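S.K.: Start from the sequences, fold in the hints, and give me the full structure.
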Amino acid sequence: NAGVTQTPKFQVLKTGQSMTLQCAQDMNHNSMYWYRQDPGMGLRLIYYSASEGTTDKGEVPNGYNVSRLNKREFSLRLESAAPSQTSVYFCASSRGPQKTEAFFGQGTRLTVV
Amino acid sequence: TQLLEQSPQFLSIQEGENLTVYCNSSSVFSSLQWYRQEPGEGPVLLVTVVTGGEVKKLKRLTFQFGDARKDSSLHITAAQPGDTGLYLCAANDYKLSFGAGTTVTVRA
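Protein chains in written order, with the working numbering: chain C, 1 to 113; chain P, 114 to 221.
Possibly wrong hints are sitting among the right ones.
[As the list claims (entries may be wrong)] Here are the simulated lysine to any residue pairs, SDA-like style, with alpha carbons at most 25 angstroms apart:
id, chain 1, residue 1, chain 2, residue 2
1, P, K208, C, N65
2, P, K183, C, N65
3, P, K183, P, L132
4, P, K172, C, E101
[What the hints assert, rightly or not] Okay, the calculated beta carbon distance ranges per label pair:
id, chain 1, residue 1, chain 2, residue 2, range
5, C, G53, P, D180, 36 to 44 angstroms
6, P, E151, C, F10, 12 to 20 angstroms
7, C, T15, P, V163, 42 to 50 angstroms
8, C, N70, P, Q177, 38 to 46 angstroms
9, C, K71, P, K172, 31 to 39 angstroms
Hints listed in this document are in silico derivations from the structure and should not be mistaken for laboratory results.
Treat the numbers as computed from the prediction; the structure is a model and nothing was measured.
We put the beta carbon where it would ideally sit given N, CA and C, even for glycine.
M.R.: This is the structure we're talking about:
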């Protein structure tokens, strides 16, 4: 009963390097989300996908790109990492875009040096 | 500036005391949700409120949605150390947006 699986759990990057955070859900959910969490800021929405084939910007999309590969998978890419992108990243999914419960992965702790 | 403003940011109380956390916005929502997050974990849903004026109870937790559907509150009665965590309100109108959260610490 995996739910939402994120990989990797920890990552250290050098400034300017690129990487992709992977997220997969096995609940047949339509909507998927990427957040970053910084101290005192709660969860800030980076990008979301209301359904397969669509993606939209959230509150803090600059420096990131996403791909909804299929219904199960939603990846987040950092093309040129910056120290300001040091954060904990969470992926989430929900049955639909409104009123439904969101389920979260365990998070990826990313440090950019 | 976040769409949802939560207060207070931090709350530290003794076991057995009561506490209230607030979530406010200038926008009207069709529903609001409350999540709790423990260290090293993702948030977990506690409740969804959908009707203005609605009150929902979950054991010692009471959730209220404002009449105008712009605000919500979470009240914990006789807090226990197990209630310690980060409490987040969220608006789920097409995209799921969170407030900054309230860190609650209940001392034994």
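S.K.: Check the structure against each numbered hint from earlier and tell me which ones fail, lowest number first.
M.R.: 2
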